[in-house]
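With the hints as constraints, model all of the structure from the sequences given.
Each protein sequence line maps, in turn, to chains Z and F.
Residues 157 to 245 in the working numbering are what the first sequence lists, from first letter to last.
Residues 31 to 665 in the working numbering are what the second sequence lists, from first letter to last.
It should be emphasised that the hints constitute simulated quantities derived from the structure, not laboratory data.
Careful, some of the hints might be misleading.
[Claimed, not checked] Covered, in the sense of this in silico footprint (three residues per stretch, anywhere, with C-beta under 8 angstroms from a C-beta of chain F), are these stretches of chain Z:
{"no.": "1", "segment": "202 to 216"}
{"no.": "2", "segment": "220 to 228"}
[Unchecked claim] Beta-carbon label-pair distances, calculated as ranges:
{"no.": "3", "chain 1": "Z", "residue 1": "Glu229", "chain 2": "F", "residue 2": "Ala129", "range": "44 to 52 angstroms"}
{"no.": "4", "chain 1": "F", "residue 1": "Ala125", "chain 2": "Z", "residue 2": "Glu229", "range": "20 to 28 angstroms"}
{"no.": "5", "chain 1": "F", "residue 1": "Gly119", "chain 2": "Z", "residue 2": "Leu242", "range": "47 to 55 angstroms"}
Keep in mind it's a predicted model, so treat the numbers as computed, not measured.
All C-beta atoms in this analysis are idealised placements derived from N, C-alpha and C, irrespective of residue type, glycine included.
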Amino acid sequence: MEAADFVMTFFRKKKEEESATADWRAGRLVFRRPEATELSFSRLNFLRSSDDHATLRRSVSRIYDGRRDMTEEDIEAEYLRIQRRLDGT
Amino acid sequence: MARQEQLLRTDGGTNRLRRRAVAAILLMLLLIGWSVLDLQKVFGFADVAMSADFVHAALRVSTFVCVLALAVYLIFKSDRPQLDNLHVGSPKLQAELDAGMEIFKAERYCLRVYTDEVSRLFTAMLANLPSYLFRINEDIKLGHGNLEATTTLHLRMQPSVDDEPIDCEKAETILVPVIMARKGLLFDNLLVKDASGRVLPTLSQWETRGLTALAVRALFGFIDEAPPPRPTWLDRIRRKKVVAPEPDDELLTAFVEIVRDAICLVGSPTMLATQESARGLNDRRDRALDRLADLRAKMPDGLYQRLSEVCRSLADNYLIIAEVPKPSGTNLIVQYTAHTQNERSLQRGKEKLRARLGLDPHMLDIAMPRMLQADSYHCQITAPTGLHVFSHHLEALGGKTPLKQENFQVGGVQQYVRLYHEESRTVAHLYVRRHGAAITTSDVRRAKGIGSGVKSVLSLRETPPGMLGSAATLATVVATIVLFLTVTRLGLAGDQTTGSSLPGLLFAVPAFIAAALGRGVDGSRLSQSSLITYFGLLLVFITSISATLLYALDAAKRLPTEVMIELWPSAVFWPTDWIWLGLSLVTWGVAIFLIRERRDQTRYYLANLQRAGQRQSRRNVSLTPADQPATLTGR
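If you want it as structure tokens, here you go:
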């Protein structure tokens, strides 16, 4: 191997390394915005039909009927019961 | 001592570093002073037995080495403030005390404060926003390293899919999930407003948690949804309330685990995964999200996938909910304004050089997170005054290549994407119209190229002729003066000394520069100019200063570089100077380059304006009644 080949190999290697580690943002000013993109709520279509809306109506009504009149003590007791179950005690 | 420590804490030790640099500079100057003196006498080495020349040379060399060492230190040692001791540190992610209990209490509070209709509308919007959100307008203004975005959301209150729209007749305000943002990223100066510009209150984190828990509980209700027992005629007479079945315990614990350990968990998923102290929280989060899979057997087909997406979306992101006055019509407008600081990423390239020279950025990447999230999306990005949009294209976040129309095939449907190209406007437009059904997470994931999101890449340029025109004029003036002196050698030739005209000529160049400076060059415009203009002006400055100094030297002491050029064989002779000739060539080279650049940029800009006008008039012509029959016949 001649000296020139050795030098060229080194330069090629360096160039390849550079391109492999190049950041897509390099050389530009990036404004990253906090809004969610892929998993945003604008991508959710949970309620697809009028039946789904009706189910939601019933579900919300059930919650309000069952929990609206619960006192703070009832809430604490319910949570502690679930907590015990989660802890396996 | 205590005061010094206090200073070190507040100024990062910069004053101490400055004092060190001043001491090094003074020492260097002192050594230079000594080295030009007769050091042998200064140090009292005159009577030393060694050779006087040797002592003198040795002292000079050692002084020179010391000066060199100090110069190297001053050049390469950059002072950086040490502010580590002021840093509060990264947020410590730990399990919150009684988080679950607080969520339950917040949920109870929301149940008491908001009616079931308001909660249902909020849940429906959260779980199915595309049915409600039909238009997004974004107005982005670029400032100095900061971006101000005003996003206007147009929502319909009665989506077609809902047979019994929610009327919220008893409520004065409704709750709208305005923003879903990635956990760990904050908005600067966020303001949520209504259509009239009145600032709307946003819910606290505690209330948001309660409301989110309420919404998720309502969606969990889909799992054990059984047709409610129909009230008998006897029940109706007795007005007996139909009692809901007791919720499944396994379902309830799964709900609590998911809400407490995943959805209401503080901290970005990345930070949770990487921070050693948060490893436990991260494991709990993963376990909670996997709990849904255990309930899969109890769910109808397709529900698991939908519920999983909702939970993962809420676990990765946080919500900003606004309390909005109930609209009188069927549509609602909510807008929010936020500032975003630039994330400077200038490892190399032209923009890095611009930043180092104190020039404003010309290449910008702006994320478009709201694109393809509504029926129509319109974004306008206004360039700062004095600049226009040279080019505007779209790239995928994380990608490097410009996107084409083919990349916007989502779920097998081609989306309508349009932006202005080569129109040199001061505003960049991006218009997207969604074709087909609402785009879901899985659709976006499958779409090649735009899965992770889309960004606008803007290249800005100064509106010609601008500073480039001033630079070209300045270069021409300087080149003309230098050429005039090169040709005439006025006041420089020995037998034609002009005497009093010499100072006038000396000050002629700066006077011309001052005149040109006053006409079109100022600091704020310079920061927006191109690198060509900046370096062109720098060359003009260097050549004019060189010419002035050279003139002073040449007038005082005749330079030995004079030459007689034979313009015509043995007939016409031109006495001149090689240095002046060289300087003249350089100044004219700079002037010609700048003039050419100004001409090309102005022509391109004007042609683009003309093209934009023609496109606009063509669009308008096609809408005139006279052309309508022809267009229809053509179809």
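Hints, verified against the model:
Evaluation of the coverage hint for the segment 202 to 216 of chain Z: fulfilled, as 14 residues show C-beta separations to chain F shorter than 8 angstroms, against a requirement of three. By the rule of at least three residues with a Cβ nearer than 8 angstroms to a Cβ of chain F, the coverage given for the segment 220 to 228 of chain Z holds, with 7 such residues. At roughly 19 angstroms, the beta-carbon separation of glutamate 229 of chain Z and alanine 129 of chain F lies outside the given 44 to 52 angstroms, and the hint is violated. Restraint check, alanine 125 of chain F to glutamate 229 of chain Z: a C-beta distance of roughly 25 angstroms satisfies the suggested window 20 to 28 angstroms.
A hinted range of 47 to 55 angstroms is violated for the C-beta pair glycine 119 of chain F and leucine 242 of chain Z, which are about 31 angstroms apart.
Of the hints listed earlier, those the structure fails to meet are numbers 3, 5, in rising order.
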